[in-house]
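Protein chains: 2
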Amino acid sequence: MVFGNMGDDSATGVAFTRNPATGENQFYGEWLANAQGEDVVAGLRTPNPLNEATKTADTQHLPSLESSMPELYSRLAEIRTNLENHYTDMQDIEFTIEEGRLWMLQTRIGKRNGAAAIKMAVDMANEGMIDKKTALLRVRPSQLDELLHPMLDVEIEKRATYLTKGLPAGPGAATGQLVFTADDAEVWRKRGEKVILLREETSPEDVHGMHAAEAILTAKGGMTSHAALVARGWGKCCIVGCSDLHIDAPNREVYIKDTALKEGDWITMNGTAGKIYQGELGLIPADPDTHVEYKQLMDWADDVRELKIRTNADTPSDSEQAIKFGAEGIGLCRTEHMFFDEARILAMRKMILADNKKDRRAAVMELLPFQKKDFVGILKAMAGKPVTIRLLDPPLHEFITLTDNQVKELADHVGIDKSKVEKRITGLHELNPMLGHRGCRLGVAYPEITEMQARAILEAATELTKTGVDVFPEIMIPLVGTVTEFRDQETIVRKIAKDVASEFGMEVNYMVGTMIELPRACLTADEIAEHAEFFSFGTNDLTQTTYGFSRDDIGSFLPDYLDRKILAHDPFQSLDVNGVGKLVSMAVKLGRGVNENLKIGICGEHGGDPNSIHFCKENGLDYVSCSPFRVPIARLAATQAELHM
Amino acid sequence: MVFGNMGDDSATGVAFTRNPATGENQFYGEWLANAQGEDVVAGLRTPNPLNEATKTADTQHLPSLESSMPELYSRLAEIRTNLENHYTDMQDIEFTIEEGRLWMLQTRIGKRNGAAAIKMAVDMANEGMIDKKTALLRVRPSQLDELLHPMLDVEIEKRATYLTKGLPAGPGAATGQLVFTADDAEVWRKRGEKVILLREETSPEDVHGMHAAEAILTAKGGMTSHAALVARGWGKCCIVGCSDLHIDAPNREVYIKDTALKEGDWITMNGTAGKIYQGELGLIPADPDTHVEYKQLMDWADDVRELKIRTNADTPSDSEQAIKFGAEGIGLCRTEHMFFDEARILAMRKMILADNKKDRRAAVMELLPFQKKDFVGILKAMAGKPVTIRLLDPPLHEFITLTDNQVKELADHVGIDKSKVEKRITGLHELNPMLGHRGCRLGVAYPEITEMQARAILEAATELTKTGVDVFPEIMIPLVGTVTEFRDQETIVRKIAKDVASEFGMEVNYMVGTMIELPRACLTADEIAEHAEFFSFGTNDLTQTTYGFSRDDIGSFLPDYLDRKILAHDPFQSLDVNGVGKLVSMAVKLGRGVNENLKIGICGEHGGDPNSIHFCKENGLDYVSCSPFRVPIARLAATQAELHM
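Line by line, the protein sequences give chains A and B.
Counting with the working numbering, you get residues 1 to 645 for the letters of the first sequence.
Counting with the working numbering, you get residues 1001 to 1645 for the letters of the second sequence.
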């Protein structure tokens, strides 16, 4: 900034043609009499308000430029209007007054926060200054984020006692009392407390406690660790990989640098920035529907948009949340999360321990009523909308990670030798589980799992259809690498569909398709598309295999790779267009080449990333699917992608 | 087989126009008087020899057809010549004699073993019956195998005491005394015993014992387990995954079904069939150079062949063996095997434990003289031929798998706390090491490793050049997924090359290239080829990532996949043309598109597989590289590929 030299009746100031914090159409700024521009910037003297209308309680006693130099102020106000009309956007203006004369020093497009960006864009369109298309392009999709989560007030955060920092894994802010186990989180929550769950790292068995907590904080793990993925899926505040935490779990204490905190102590987290503060701080609640301009902008966006936005949701409540945010279907309903409930996991473990097909089938079939209930709930919540349900995906050992005591209990319950249980667990151990016996490889080896899941889905769909609910289940075979795997599993599903149709005396809508998440599936997409009715790109795993990166293990080198620009960005955050993207394009082309009606979507983490959404639109996908809290972001990003085409 | 009904002066028989066991140009067969065809086949009666010339000690006393029915025999011999001349290949003839009249029942191309196939092909070409091209196409490359390894005599094997079966991981036969540890193998070998090393499974620390043993036998592991890979690399007999073995290592005993064997007991293995026999059985030694027709055939093959055949070899002795078998260079010299020697692994461990760059560099530089000596040995053994040396590839934890005692020893030696060693080892643990911190990701994180290795190679090359030895080192950066990784490592290598050149006052030939073993490297091969001077496809890892298969873990489902035809063949044995092959073709096209002189080869296990070699030729590769004992097979397969084009 360059300001002139100041004389006696001189002044200098900075002004915005609209309020950059709220977006309101008011002339807003600061000025100092007899001052250098640096004085305004340096903050050594408290600047004065620009005009009477924008005075606050804090600045009520200070002179405004409007009252001090009314003529010059009205000249400046006139210039403000001219500049904004000329540039058709909010301007950040620097001015100086030298010996009673107004000099304009600089004007540029003003920075604004998310809420202000939305308000300005919508207001300017309504005022006729810009058209709707321009308004839609004025808001960065990520700027919607602050409306979708509770946030910390900037001023409160400035004054808070900062403890430490971790990776910003789940956005928004949260405040609560520290608990050290998932069970405690649930118990405290039940008695009405707000808690933050603190763990070294989380595992599927912590999910009930994670759900009960306001936020999750872990010492280990990266942006795609279990805690991070689960939290983002729920739109929950989460900070991971916070290496300053030294957790003494048996004593329920944690040491953060020189601060010791114990169970029940309050902390506040800014998950958007990855920052942790001591004590209970006030939050600004999220309620985008009350934001008039947000609703307006999203309506305009939806009018333009053709790319459908679905959500990744595994429960009826997630589904309902996502619908509120504008989801048009479920793109990924994972079924494995449904198995960790106590009653169900026992059946799952019996299935794993069975040494013959009969016992295995009996154990699997115990799960049928549970699964059916799950699907009734979700399909009903998504009535009239498509729901893609992925068949069981993770390796079996994830269901049987047990302590010594638990092994004994399980052995007693099932009535077999403890050593037999141990032997089976050891036998399931894999050197590279990501590349092991999982996905459809499970269904091929244990067809009864596929049968049970297909039956649960189709019976649920049939019963709902009978009661007049419109259902569109899309059954998705995971981790297909060869068309023969797809055919094997598809055959089972279609046979069950036929059986269910004859048992219930009616046929229902359903599709069978596959998750495209291996390079080989992309390379042979034409073969697969001859049988599959839809493709859904699982870009998380596709990125893992294309790069040869294990998301769980890249923590040891990814930060360095990003720092040294060996990678321009984390390919798990934004789709790698040059590499992974080529496989996606190829698969779309090969797939549509043999089946022009092939429905194609994406359900990896990238489904909520604006750059990746651009790529999906350019490549002719029908939909993207993302976590519920990213649905509005995806809606705007998709609209912008279409406006750019 | 259909034979007529037989009368009194009747007979029936089977004859080959040449000897199917030896390939000799002699009329060979069996007959029975007053017999049905089934009698010959069923083996209830001992058949008679066809003629006097082919009588053996066992059949000397039996009547030949030549002596019993001379006129009919000479008529049959005449027909034999006509048939062979007509079909220009060895015929398997069925005949019958009814009431003094000869009837021809059937003729077809006769089956033959490998040695016979070679002899017949070369003889027929020399006799002018077929041309050289036809001769070259008559021998299946895999038929050379029996000439390249000691074999069990079929008759001896029939009478031997069969114990059990495993996976045929390394071909040929071996006989030796059982030992239960790698150290014992080495000790027994040193005192002149022939041993077979028996292990649950092997690890890099067993390599010295595996080397000392005649053969390796493991209870666990698949066709691509550590034992299998190492054994095949050496052309050593090996049987893995033999689940009938119940090893009692502390007592040095093994139970195989009802048989108990102890240390020092003899067994004999047929590695080609995966069969294990009790006791010491005689073997037929391998010495292909003494086989006149083999040499002749291979000379003809080399005259035609343009595709170069290199070998995967890590030591001067392997290199020499490969040259004897016709290798024209080294396509893959792995450097990590060089680090397991006792003195070296200590430096490696010090490097891993170093908590600062200075100590790390000092530890790495301790390895320089060792590495340099390794490279002098190999480059000298391969004088005049190119040698591709791959920089360090495996994850660091492979070098620091320690027992509790070893941890203590190491801590004492390095002078740090035991807990610190343990913490570092735990820190190196990865969930999916195959997709973790390895390959060039190591060199990027620890550039001193790349510097040390580049210096060792280039100093070795310079010293040899000074003494008049022609060297062509090709420095290969492993596991590149982005051109930026390649550039990072290439820059280090070229800088060291410049330093060495100025220190020694001379420049040497060298190239810098990369192993293409990730889908992303194939997809961005054009970017990489702008800088890399050569590509070498690492099709093992490329297959793992393209399919999302961990070679270590597919044992739980691959056999079932093959049985049920979900996979037509094991993609680690023969290149998956439809999937992995598409990536290879794409990379060749993209790479040569920006650099038409780009040297391209393949160094995965597929380099020794005839079908894969066909694919490599079709795709314009310059060379294939395989284990020394597969070099002759590759030479013939490459020739056939060219003849088919």
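Quick caveat, the hints were computed from the structure, so don't treat them as lab data.
None of these values were measured; they are calculated from a predicted model.
Do not take every clue at face value.
Claimed, not checked - Derived pair list, reagent style BS3-like, types lysine-lysine, alpha-carbon separation capped at 30 Å:
(1) Lys1589(B) - Lys257(A)
(2) Lys1589(B) - Lys358(A)
(3) Lys1350(B) - Lys220(A)
(4) Lys257(A) - Lys1220(B)
(5) Lys589(A) - Lys1589(B)
Unchecked claim - The calculated label-pair distances, taken between Cβ atoms and stated as ranges, are:
(6) Ile1284(B) - Lys420(A): 43 to 49 Å
(7) Pro559(A) - Asp1248(B): 33 to 39 Å
(8) Leu1431(B) - Glu642(A): 57 to 63 Å
As the list claims (entries may be wrong) - Part of the chain B face toward chain A, derived, beta carbon under 7 Å:
(9) Gly1279
(10) Gly1436
(11) Thr1524
Just so it is clear, CB atoms sit at the ideal spot from N, CA and C, and this is done for glycine as well.
Evaluation of the provided hints:
no.	hint	verdict
1	Lys1589(B) - Lys257(A)	55 Å, violated
2	Lys1589(B) - Lys358(A)	52 Å, violated
3	Lys1350(B) - Lys220(A)	26 Å, holds
4	Lys257(A) - Lys1220(B)	48 Å, violated
5	Lys589(A) - Lys1589(B)	19 Å, holds
6	Ile1284(B) - Lys420(A): 43 to 49 Å	46 Å, holds
7	Pro559(A) - Asp1248(B): 33 to 39 Å	48 Å, violated
8	Leu1431(B) - Glu642(A): 57 to 63 Å	40 Å, violated
9	Gly1279	33 Å, violated
10	Gly1436	4 Å, holds
11	Thr1524	6 Å, holds
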